[in-house]
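Asks: One-letter residues, chain by chain:
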Amino acid sequence: MGMRMENKKRNIILFVVLVLLAVAPYLFHNNYQRYVLNNVLINVMLVIALNFILGFAGQVFLGTIGFFAISSYVTALVTTTLGMSFWWGLLASVVITAVFSFCLGLPTLKLSGFYLALMSTGFIVVTTDVLKNWSSLTNGVWGISNIARPVIFGHVISTDLQFYYLSFVMTSILAIIAIVIEDSRFGRAFKAVRDDQLAAEIVGINATKAKLLAFILSGVYVGVAGALYASFQRFISPDVFSLQQNSLFMCMLVIGGLGSVPGAVIGATLLTTLTEVLRFMREKYLLVYAVVIIITLIYQPGGLIVFLGQTIDWVKSKLTRQPRLRKEI
Amino acid sequence: MALLELKDVSASYGAIQALFNLSLSVNSGEIVCLIGANGAGKTTAVRTITGTLPITSGEIRFNGEQISGQRSSAIVRAGIACVPEGRRVFPEMTILENLEIGGFITRKDREKSQAIVDYVLDTFPVLKERRNQAAGTLSGGEQAMLVLGRAMMSQPKLMVLDEPSMGLAPVIVEKAFDVIKNINEQGTAILLVEQNANMALAISTRGYVLEGGEVKLEGSAEELKSSEMVRKLYLGGS
Ligand SMILES: Nc1ncnc2c1ncn2[C@@H]1O[C@H](COP(=O)(O)OP(=O)(O)OP(=O)(O)O)[C@@H](O)[C@H]1O
Ligand SMILES: [Mg+2]
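Just so you know, the sequences run in chain order C and H.
Each residue of the first sequence is one higher than the one before, starting from 1 at the first, in the working numbering.
Each residue of the second sequence is one higher than the one before, starting from 1 at the first, in the working numbering.
Since the hints were made in silico from the structure, they are not lab data.
For clarity, every value in this text was computed on a predicted model and none was experimentally measured.
Hints may contain errors.
Capping the alpha-carbon separation at 25 Å, the derived lysine-lysine pairs in PhoX-like fashion look like this [to be verified]:
no.	chain 1	residue 1	chain 2	residue 2
1	H	K128	C	K8
2	C	K9	H	K128
3	H	K112	H	K157
4	H	K181	H	K128
5	C	K8	C	K316
Here are some chain C residues pointing at chain H (derived, C-beta under 10 Å) [unchecked claim]:
no.	residue
6	D196
7	A199
8	I202
9	I205
10	A207
Cβ coordinates follow ideal geometry from the N, Cα and C atoms, glycine included.
Model the full structure from these sequences, guided by the hints.
Replies: The following block contains the structure:
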């Protein structure tokens, strides 16, 4: 949560990052790079979703990958077993994931901290177990293939580049909605509950409603991300949705800046690419993350976003001081 | 009809009963104080009024409506604001944001909200200077001012203050009490919980003395000031 940043600066940083993401496919244009970029956007949506619960409302529920699995499978099933279009899959994913998220938010009314974290791990394990073992519905460990691609005005989104821009539009809309929510009454209610739940109740905030709303919003965001992911991959199986992948989302948010939407975007973007760069290390890349997290927490608990904000201030002060100096001379 | 009325209210923390058939009332326009030693049950009484602790028997009425059993948010909306024990500012929010969130339930009257913000900032220049700083960086005394301002923001009919003078320097206590009097003169009734019986009785119309979760004594401020028991226990003897 770290330090505060004015809205204007936050908006500018978010805008710049989105512009960079918009041109990224032309800076990195081979097939592999564009494939990775698609995953970057999916992760950006997921980390913004996690930020609603963990960053804004301060609830240590870390079940993102469980919701992501549910959401991906809903779109997969709707477009294959039911044979409906991607858009129906998207709608179903959003609704069903939001409902699941709401239900898993209910225990936060009684549990907190450690117990909540433990419960999220249990949720993830149960979810992947169900996906593996309910073969009649999910096809078990073999997964589901031939998931439908989106069709827009009769045009099939087939290439990675087209898919990237579809995801980019959705990501941008979701990111902007997230900061609008942050600045609204609801955003203030989330943060009040996070800072001091009792004090929040005393100023008239219904903490129960606030927490559940954060979970529902998170579910909606994961719903969109999962639908896009399933459709982009065209094939999904339970082993993608691992606890290890889940811990990456937390790393992304903490390193980018807990409680900050542009921080979530930056963290997800940098770490998704870093993971690709570190592929040669196999599982040991997590070691690098651990070190980066520790350094972040020691030197800048607010994450990269705070560091970025301070850098901008520093540059600005340099730029404005120079002319005055000249005048004095 | 009293604005706030507690009738035979009992409350417990698990197996420990902390309030025994507490009855008290606050009329419109009044300042009523609730005094008592550490552990007497003052904060417990405040918690039952603000809905943060359920009562086990009795009833609490506000403006004629039963509020016991309702959520805190509903009680704030009904018109009760509270300065809780230990203040509890939102440490990560700025001073201005802390004030604004005090008006969370009053969306209607923006002009009045702004007027209250201005009043609070003008009354406490320290807060004005630092209005864009995180409230967690304020001193204890400054936080006390801020929370008083935050409680005003919901434009309540009744304000419940749990030891607003705790840990304040005497000059600041006086200033805080001036503000409380001022709030009262604007038409807000006040239930003032205090250890500082001297100061509390000086601005109150009536008072209650709590001991072991029960009312031991009640009466007008004058009566309490001259009562042997209050003099011995809370006003430093003589
Ligand atoms: N959360 C709690 N759990 C268990 N017992 C509690 C709790 N809070 C208060 N008590 C007990 O209830 C009794 C009344 O406490 P309360 O906080 O109401 O006293 P108080 O009059 O506000 O005291 P002080 O002047 O020290 O603030 C005390 O015996 C206290 O130990
Ligand atoms: Mg107390």
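Asks: For each hint, tell me whether it holds in the structure or not.
Replies: Hints and how they fare:
no.: 1; hint: H:K128 - C:K8; in the structure: holds, 22 Å
no.: 2; hint: C:K9 - H:K128; in the structure: holds, 23 Å
no.: 3; hint: H:K112 - H:K157; in the structure: holds, 15 Å
no.: 4; hint: H:K181 - H:K128; in the structure: holds, 21 Å
no.: 5; hint: C:K8 - C:K316; in the structure: holds, 14 Å
no.: 6; hint: D196; in the structure: holds, 5 Å
no.: 7; hint: A199; in the structure: holds, 4 Å
no.: 8; hint: I202; in the structure: holds, 5 Å
no.: 9; hint: I205; in the structure: holds, 6 Å
no.: 10; hint: A207; in the structure: holds, 8 Å
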